[in-house]
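**Student:** Letter 90 of the first sequence, counting from 1, is numbered 80 in the numbering used here, and no numbers are missing.
One thing to keep in mind: the hints can contain errors.
Derived PhoX-like pairs (lysine-lysine); straight-line CA-CA distance at most 20 Å [as the list claims (entries may be wrong)]:
| id | residue 1 | residue 2 |
| --- | --- | --- |
| 1 | 427 | 407 |
| 2 | 418 | 383 |
| 3 | 427 | 411 |
| 4 | 387 | 418 |
| 5 | 343 | 391 |
| 6 | 418 | 391 |
| 7 | 407 | 343 |
| 8 | 411 | 383 |
These aren't lab readings, by the way, just hints derived from the structure by calculation. Remember, it's a predicted structure, so these values are computed and weren't measured experimentally.
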Amino acid sequence: MASAPFQNPRGTRDQLPEDLLLIHHLERVAHEVASAAGYEEVRTPFFEETRLFMRSLGDTSDVVEKEMFTVPRRQADDAPELSAAEALANSYTFRPEGTASCARAYVQAGCAANAPAQKWYYLGPMFRYERPQKGRERQFTQFGIEAFGSQSPLVDAEVIAVALRFFQRLGFGPELEVRVNSMGDPADRAAWSSALREFFAPQFEGVSERCADCQARFERNIFRLLDCKVPRCVELNQGAPDLFAVMGEEGREHHQRMCEALQQLQATVTEDRSIVRGLDYYSRTVFEIHYPPLGARSALCGGGRYDGLVEEMGGRHTPAMGFSIGFTPTELALAELQLPVAEDLEDLRQARKAQIYVVAMTAEDRLPAMSLAAQLREQGWRVLSDLRERSGKAQLKEAAKLDVPITLILGPDEREKDHVKLRDMGAKEEQDLAQEKLVEHLRAFFGGA
RNA sequence: GUGGAUGUAGCUCAGUUGGUUAGAGCACCAGAUUGUGAUUCUGGGGGUCGCGGGUUCAAGUCCCGUUAUCCACCCCA
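Whenever a hint applies, use it, and build me the whole structure from the sequences.
**Tutor:** Below is the structure:
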């Protein structure tokens, strides 16, 4: 087999300097929006024990069943052979989402017992072994927040408000729409599950009209019958019992109060019974944020309440609520909306742009030019000098192309007098300066940098 | 995991019914009265035609496999 060219792994992408301008903007807005509401950043490992995700997301979730990036742990040479199940339980998996790790860290740090009220956010790469397509990658970035320790519907409203704020800050318009639903409490779901089982049972007797996936779901995770997209299955779902019909008073009131709190938002809030997040840990509130002008691809954010997860992780019962936002769909949406506008990125652009370019006219000037550049960097300026040993003309050309405002020209004439020629690229004016006056002049130009 | 489309220079693409040394624009590099940014002009570097195999006197062009990308499904951020 001859050499195939090297390529980035499927579903990943390189983020080159040009791409990072936008990414940095998204990251900045995420940091700002989260800390403005009192959330503090946490960073957990990129991989965890596989069983963490199996436990938190649920064995029957698609993520666990077919989308995990799992690597075996090393075994001692003389260790006994492991069964497939043991090997899996003993493996590591690259995190497919952020909530499980946060809950694990929360318990491990002792928060559940000692400091239950925590407001955290995270921002970083997640991994899912999926077939890539538009808006979906195997390595992608998620921004999420998690509010631990309060049962109050006020938390639900705040978390949703933070997510909204993120999109508003990025320039999304007032068409932003929050779609909410409730999954109820465990007891509600048990009651609902029985009701659904009773309702659907006849459909699975004998030769079923249901799709193959649904046949499996009926046994494994009956709720997921409800979000099947096969047309015949959708028809057969008509008239299925509604969770709200069996939901207890507390859950109902929680939902009611949250919706009232959401009235304060600068966005439309609608009830959407079809939102049934695919992960097991959700309870009560689940929500999505959509931007309808984007059409089919309008979902930007998903989240909800997970009151049982901390306990599941071995901590004391702690209610919690969070969201996650994928940068990939957000980037696509922004591109479609022709956002962000240039001004939003201007400061980032400026911050990475060189301020000074030191031009060396002859070979003898190169070392002095380098050391002048080094001195100026020590003063805090962003300074370039030519590393390709090109002509003075080519250096000026490059400085102009990079839009560097000041060039310092160093040649035999200047060196002889211990001078340097300062050229204002915008005004196209230059002046001879004694080197000891240089910093002063530059300070004046850049406004006391 | 299933189905469909695509893959020629860093980028956007040409490339006739298979026929000699595979092209253009942009980008990059150098030069145009001996130390200076635009435009223009001249010249230059850069391609195992995704990879592997097959058919043929001859393959970028036809066939098979493979890989990657894009699109749809599943699901999701």
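**Student:** Going back to the hint list, which numbers does this structure go against?
**Tutor:** Number 7 only.
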